[in-house]
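**Q** Each chain, letter by letter, is given below.
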Amino acid sequence: MLKLTDVVAHYGPIQVLKSVNLEVRAGEIVCLLGGNASGKSTTMKTILGVVRPTAGRVEFEDQRIDRLPTETIVRRGISLVPEARRIFARMTVWENLAMGAFTRQKAPAGELAADVERVYALFPRLAERQHQLGGTLSGGEQQMLAIGRALMARPRLLLMDEPSMGLAPVLVDQVFDIIQSINRLGTTILVVEQNAAVALSIASRGYVLQNGRIVVHDAARALLAADHIRRAYLGED
Amino acid sequence: MAGVLAILPQQIVFGLALGTVYGLVALGYTMVYGVLFMINFAHGEIFMIGAYVGWWVLALLLKAQVGALHPAWVVPLMLLHAMLFAGLLGVGLERFAYRPLYLRGATRLGPLISAIGASIFLQNAVMLSQGARMKVYMTSLLFPRTWRIQIAGASVSLLVIVMIVVAGLMMWGLHLLVQRTKLGRSIRAVAEDREMATIMGVNVRRVIAVTFFLGSALGGAGGVLVGLYYTQIDFFMGYSAGLKAFTAAVLGGIGNIRGAMLGGLILGLVESLAVTFMNPAYKDVVAFVILIVVLVFRPMGLLGENVAEREKV
Ligand SMILES: Nc1ncnc2c1ncn2[C@@H]1O[C@H](COP(=O)(O)OP(=O)(O)O)[C@@H](O)[C@H]1O
Ligand SMILES: [Mg+2]
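Each protein sequence line maps, in turn, to chains A and E.
Per my numbering, numbering through the first sequence is continuous, rising by one, with the last residue being 237.
Per my numbering, numbering through the second sequence is continuous, rising by one, with the last residue being 550.
Hint data in this document are derived by calculation from the structure and do not stem from the laboratory.
The model shown is predicted, which means the values in this text are computed figures rather than measured ones.
Certain hints may be false.
Claimed, not checked - Simulated pairs of lysine to aspartate or glutamate, EDC-like, Cα-Cα distance not exceeding 20 Å:
{"id": "1", "chain 1": "E", "residue 1": "LYS419", "chain 2": "A", "residue 2": "GLU111"}
{"id": "2", "chain 1": "A", "residue 1": "LYS3", "chain 2": "A", "residue 2": "GLU61"}
{"id": "3", "chain 1": "A", "residue 1": "LYS106", "chain 2": "A", "residue 2": "GLU117"}
{"id": "4", "chain 1": "A", "residue 1": "LYS18", "chain 2": "A", "residue 2": "ASP6"}
{"id": "5", "chain 1": "A", "residue 1": "LYS18", "chain 2": "A", "residue 2": "GLU61"}
{"id": "6", "chain 1": "A", "residue 1": "LYS3", "chain 2": "A", "residue 2": "ASP218"}
{"id": "7", "chain 1": "E", "residue 1": "LYS419", "chain 2": "A", "residue 2": "ASP115"}
{"id": "8", "chain 1": "A", "residue 1": "LYS18", "chain 2": "A", "residue 2": "GLU59"}
{"id": "9", "chain 1": "E", "residue 1": "LYS419", "chain 2": "A", "residue 2": "GLU71"}
All chains, full assembly: derive it from the sequences and hints.
**A** Structure, rendered in structure tokens:
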């Protein structure tokens, strides 16, 4: 479904992605691990075309997308739950969800309203707060809103950048339950996580990014069992 | 003193008229700042050119001798043309004077200097094409001096009421557009977090262009209203009007749409009252004293937030 081949990306003169090769198949949950500043978020932004690859190719559903404008990529079915949530603080919960559906120009209003209801069903807290400004929500609620906002685009591929960052342990489990149920409903997921143990437990495969290169790639179960991965990313000695 | 009190209601109505027009022009500064973090110093010239377009529409109608000119259709016609022309001019400025700079990631200073250049260019273009001498708005043909109404003991010309109503309706319309429509949401999204707006699929360049169009169109409308009111326009009129509208935008909190409206109203009222109680020669000084006081004591303006904090994100 998604395929990155030898992707290279720069910020100005600095090469951040040196060679990223990664594939996500339809229906999967794939986990992208890696230390701080290894280029995980940049990989996500490169897929969406927010950062332009300087070499290599990105394909989605067998078509090259690395030269397309971001709005087209979103319209084709990829959306992002960004690192640190990045909800629109000065918009209400409902307006944030409406922004998520921005590219669905031709969708009838009734369909959008039904999708909003579906998000509210997934996150009842958001329904209670639909007229509240995004900036007044708690961290957990903001994460729910960020996920709901991404779902409003009806993505076939959902990119999630550290969805559990800064959440209390109870909420972390909740978020991963939600990720699993979104996946069961048919959305393919690529998730970046620091919380590698939990992420790998719901993923089918995982990649490890180091200094802008994919250095390890294996089945999630094998990664969970591999000693060096456990040491490096699961916080065990 | 009794004399002063007698004209007070009238001065308040004038202040409101002046204030709504300042607010209208201030919106152009504040909206552009909101999405691009730059002060469009050429906005005063866009306002001035709006006044010229209105003048031309009126002049052509007079030349064509279409018969009785009733403000009910003539004023909307003048406004429409001025807004369209000013709006497109704003889009052109953005496209050719600013976008090449911000796309190349120039510092803040680049677009700013380009804006000052555009301002000088437009002034000279108008001076060369329209002449340096002032042009006279034939306002009295549209609003005969006898058209006055009584409000709270004050005798006010109908034109002043029309100014308040037109500027007020436009501000209300803009408010609805920004708060209630999808386009408005995309403008707010770009202002709040440009990268996230992109990730939502918003075409940021288009939103910036639309913002220039809207802000410039309102500025052009302001030019027509001011032209009708003062009845004299020249190529330099955008300079002080622009500075005042900019003051209004800063007073309300630059980047804040409601702030621009509020700042305009306050500035208009204060100016009008200053003229009542002080030597009218000090009228223009008032605006700049306000600007300096705000910049020193409350740089974020009345309704604005701490922009410096926000920009760190
Ligand atoms: N907008 C940016 N401009 C310049 N450098 C950046 C930018 N974003 C990230 N970087 C740098 O790129 C590297 C990779 O960042 P990122 O992809 O965010 O890593 P990760 O998500 O794995 O922590 C880091 O060294 C970071 O400082
Ligand atoms: Mg990151």
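**Q** Could you run down the list of hints and mark each one as holding or not?
**A** Now the hints, each set against the structure:
In summary, the hint linking E/LYS419 to A/GLU111 is supported, as the alpha carbons are separated by about 16 Å, within the 20 Å threshold. Taking the CA atoms of A/LYS3 and A/GLU61, the gap is near 8 Å; set against the 20 Å cutoff, the hint holds. Proximity of A/LYS106 to A/GLU117 is assessed by CA-CA distance (about 19 Å); at most 20 Å being required, the pair is judged to hold. Distance hint between A/LYS18 and A/ASP6 is fulfilled; the C-alpha atoms sit about 8 Å from each other, no more than 20 Å.
For the suggested pair A/LYS18 and A/GLU61, the alpha carbons sit about 24 Å apart, so the restraint of at most 20 Å is broken. Restraint check for A/LYS3 and A/ASP218: satisfied, since their Cα atoms lie roughly 16 Å apart, inside the 20 Å limit. A hinted pair counts as satisfied when its Cα atoms are at most 20 Å apart, and E/LYS419 with A/ASP115 qualifies at roughly 17 Å. Annotation: proposed proximity of A/LYS18 to A/GLU59 holds, straight-line Cα distance about 18 Å (limit 20 Å).
Simply put, E/LYS419 and A/GLU71 have alpha-carbon atoms about 15 Å apart, close enough for the 20 Å limit, and the pair holds.
Checked against the numbered hints given earlier, this structure breaks only hint 5.
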